[in-house]
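Chains as they are written, first to last, in the numbering used here: chain A, 1 to 439; chain B, 1001 to 1473.
Everything labelled a hint here was simulated from the structure, so no lab data went into it. It cannot be assumed that every hint is accurate.
Stated by the list, open to error - Below, a list of computed lysine to aspartate or glutamate pairs in the DMTMM-like style, where the Cα atoms sit at most 25 Å apart:
#1 139(A) <-> 1374(B)
#2 1325(B) <-> 147(A)
#3 139(A) <-> 1342(B)
#4 1435(B) <-> 26(A)
#5 30(A) <-> 1374(B)
#6 1435(B) <-> 237(A)
#7 1435(B) <-> 155(A)
To be verified - Reference excerpt, derived from the structure (chain B facing chain A, CB under 8 Å, subset only):
#8 1408
#9 1429
#10 1431
#11 1433
Note that the Cβ used here is the ideal one computed from N, Cα and C, for glycine as well.
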Amino acid sequence: MDVRLPRLGEGADSGTVASVFVRVGDQVRKDQPILELESEKAVASIPAPSSGTVTALHVKEGDQLKVGQLILTLAEEGSSPRAPVPTIDASIGDEGEETPAAPAAVPVVQQDVALERPVFEELAGPAGTPPPASPSVRKMARELGIDLRRVRGSERGGRIVLSDIRRYLERLQEAALALKGGAAVPASAVPAVPPGPSIDFSKWGKVERKRLTTLRATISSRMVTSWTTIPHITQFDEADITALLVYRKKYAARYEKQNAHLTLTAFALKAVVPVLKKYPVFAASIDEAASELVYKQYVHIGIAVDTEQGLIVPVIRDVDRKNLFELARELQQLAERTRQRKVAIEEMQGGSFTISNQGGIGSGHFTPIVNKPEVAILGMGRGAVKPVVRGKKVEQRTMLPLSLSYDHRVIDGADAARFMVDLVREFESFEDADVRLSS
Amino acid sequence: MKTHSTEIVVLGAGPGGYAAAFYAAEKGKTVTLVEQSDRLGGTCLTVGCIPSKTLLHAAKLLTEAADSGFRGITFGTPQIDLRKMREWKESIVDKLAAGVAGLAEKRKVKVLYGRGYFEDSKTLRVESQEGQQFVTFEQAIIAVGSRPAMPDAFNLGNRRIMTSTEALDLDEVPRDLLIVGGGYIGMELGTVYATLGSSVVVAEALPSVLQGADQDLVRPVLRRVEKLFKEIRTGIKVQKMATAGKQIMVTMEVEGKSREELYDRVLVSVGRVPNTTDLGLENTRVARDERGFIKANERQQTADPNIYAIGDVAGGVLLAHKATKEARVAVEVITGENSTFEHIIIPAVIFTDPEIAWCGLTEQEAREKNVAVEVVKFPWSASGRALSFDRTDGMTKLIVDPETERVLGVGIVGSGAGDLISEGVLALEMGATAKDLAESVHPHPTLSETIAEAAEAFYGTAIHTVSRRRKQD
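Start from the sequences and build out the full structure, keeping to the hints where you can.
What follows is the structure in structure tokens.
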């Protein structure tokens, strides 16, 4: 008998295989869970439609599954195949809200399938017996709020050990970060906005549909998290970079010879360090669970890099311990590797502040979104020559638009204004010695 | 009027109460422990587990001495000095109670000797010999325990009608002793008195004695007590008792007919009732069930948010070690830990001769709940260690889930079963399989080997018994 993915409930027609509970050769009983599927709505375990021996397994963990797709082949016990009635097993009668008569779209279901209660289904085990796990593991699960009935044990007799919990958590985390099965919402703790209805745009003309990339999904999920959980304020100002540009012009070629591109971003990295040290809260993070503010003894700064696929933010470590040349060179290499998608996950973690420079493209002020768990981000526009009143004279100066977005939960407006004033001063006070190559 | 305030007040200093007090103190709380008697330790220490086990030890000595003729050792008729035996028993109890008091002092737990009465959900009034004092608290843990039940029909105020408390006083060794109730208390004390020379009759209302234990575990005990006791009557209703000079006239219904018999003493061991009257609980929000036990959830919380209940008074099985575990849960919940009394294995031990001990699922429960299990047994007649001291009347059995091979229950009858059962508890708590037990090396020659042998029997590979072969993996 071919066992296919049953319909999971309204609106859900696909999911990711979270765990497979059986192997080829396993004996399964009717209603025994055979795999656990994460759909956008919930995690559901899929029961065996009848008892028998697994003769072939067609899916593995991480696979995308659609309704009707083949999961495994079962050699049934005896030779009394059940009548192929595409109904829903009566054993789930208490799932009253399910409407088996809903869309007439699923002709694929070949056998009567038990529609699973999402999430809280118990794995096998004698009545009333808790899942096999040591007291310390059970205690930890309780503290973490994990229902051990949903964790697959790897030891003899299905005993759950610490590494099983770790694996389970990793899986949950991945599921929370990645969008699954197309137009799904992140399964994170974010108060998720329900997905909008599918609209047929082709009614009004020709369209082309493209699947969202994993990167896009990640960006989407993180932006939603930041935007919905952080009260954002953006502070605007302009820095006079006329002098800075003189030094840049003077030294750019020399930097270039040593494979370092002297960009405004490099200057910004240098400028922001003393200000972050003076106002450390701008590089802090909130530990929401512990109700604590975490001040960091390091200055690692994320740089927003525009790649073909979308935004990626690699992190430059220990910015406070590097000179302008080192920063410029590292920046160039990092940006290059980022565009080639060669940066490791770890290189994108651990930032305490982010800089997003759009100056290379053009444009002025904008309102960047804080890169959670950081609490502040600096946006840079393109420097523009403007008439500026200096004393009683009007002068031509190059003004750099700066936009500082911050988490208003921990940073007050006055501090942001002070930060900005100091940052502008840092941009305006570069000296030859700061830029000159030492050798 | 004295008032003093404390973070936690614990009412009752038995194995639940003093454990709660000490644990809370270790966790940095200021703790006041209130005990109505003049000794710490509660029922277990003063009129329960400990004194009964000392007397059972005396009984064991007598039995072994009397049974040693065939080993080539013959003793003279033992001389029993009841006064000395009592003093010996009391000295043990005193030593333990003093030990508990010493531990309280070391942990800076304030002990008030007096009767506690709740004025409201924040205040306990303590009536002591030195007068009244009020204790205001943030949380209270009620651990006042239970007492032997004495049905009104038997309550004549006659000291010859005893509960376990008086029986442990060992006033005399009566010639004819009737024990009403064949539970573990009746059977244990019956063993003591019968060994000391009483002619013991047990009257049990249910169809068998020692309910709760699997009957195959009870059988070896029955074989011995049937010889030791004069009679064990089951399905018997004791209707009434009356004073008849220096004896008690007991009316029983035997096979549909009333029968009157004279006994020198009667031990009533028909269960225990919670000590929940005269506590002032009506001044709090604490709720009780129809039998008077305080209703507490798996976090030991009562219906009153400031008040927790643990041990016998909170119902469930009335065992000291259950109270001690609940004490830890209550304190952890109070100190903000996510702790709960769920899926905790509570072993049971009956200190008859031989002892019976079990934990987890019993065979009887598996049948009642329709849980598919495989039962494997290892008879002690195949144990060299048991043979070496002539006590092969034992058996070790495992209740195993045939699917996962996980051990769901362990049952042991035999000498020292109470000490052997702990391995079963650990196996169950760790979610061990029969294979785990079989592969752990057990020292030879010991009785603990019977556990490994039973596990091996599950796979058909036990060395010292022959059993059918099971699938190999």
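Evaluated hints:
1. Restraint check for residue 139(A) and residue 1374(B): the C-alpha separation of about 29 Å exceeds 25 Å, so the hint is violated.
2. Our distance criterion of 25 Å between C-alpha atoms is met by residue 1325(B) and residue 147(A), whose separation comes to about 22 Å.
3. Of the pairs offered as hints, the one joining residue 139(A) and residue 1342(B) holds, with about 11 Å between alpha carbons and a cut-off of 25 Å not exceeded.
4. The straight-line distance between the Cα atoms of residue 1435(B) and residue 26(A) is roughly 20 Å, inside the 25 Å bound, and the hint therefore holds.
5. The straight-line distance between the Cα atoms of residue 30(A) and residue 1374(B) is roughly 21 Å, inside the 25 Å bound, and the hint therefore holds.
6. For the hint linking residue 1435(B) to residue 237(A), the alpha-carbon distance of about 72 Å lies beyond 25 Å, and the restraint is violated.
7. Between residue 1435(B) and residue 155(A) the alpha-carbon distance is near 12 Å, which keeps this suggested pair within the 25 Å criterion.
8. Because the smallest distance between the Cβ of residue 1408(B) and any Cβ of chain A comes to about 6 Å, under 8 Å, the interface hint for this residue holds.
9. Given hint, residue 1429(B) at the interface with chain A, holds; its Cβ is 5 Å from that chain's nearest Cβ, closer than 8 Å.
10. Because the closest C-beta pair between residue 1431(B) and chain A is about 3 Å apart, less than 8 Å, the hint holds.
11. Proximity of residue 1433(B) to chain A holds as hinted, the smallest CB-CB distance being about 4 Å (cut-off 8 Å).
Violated hints, in rising order: 1 and 6; the structure is consistent with all others.
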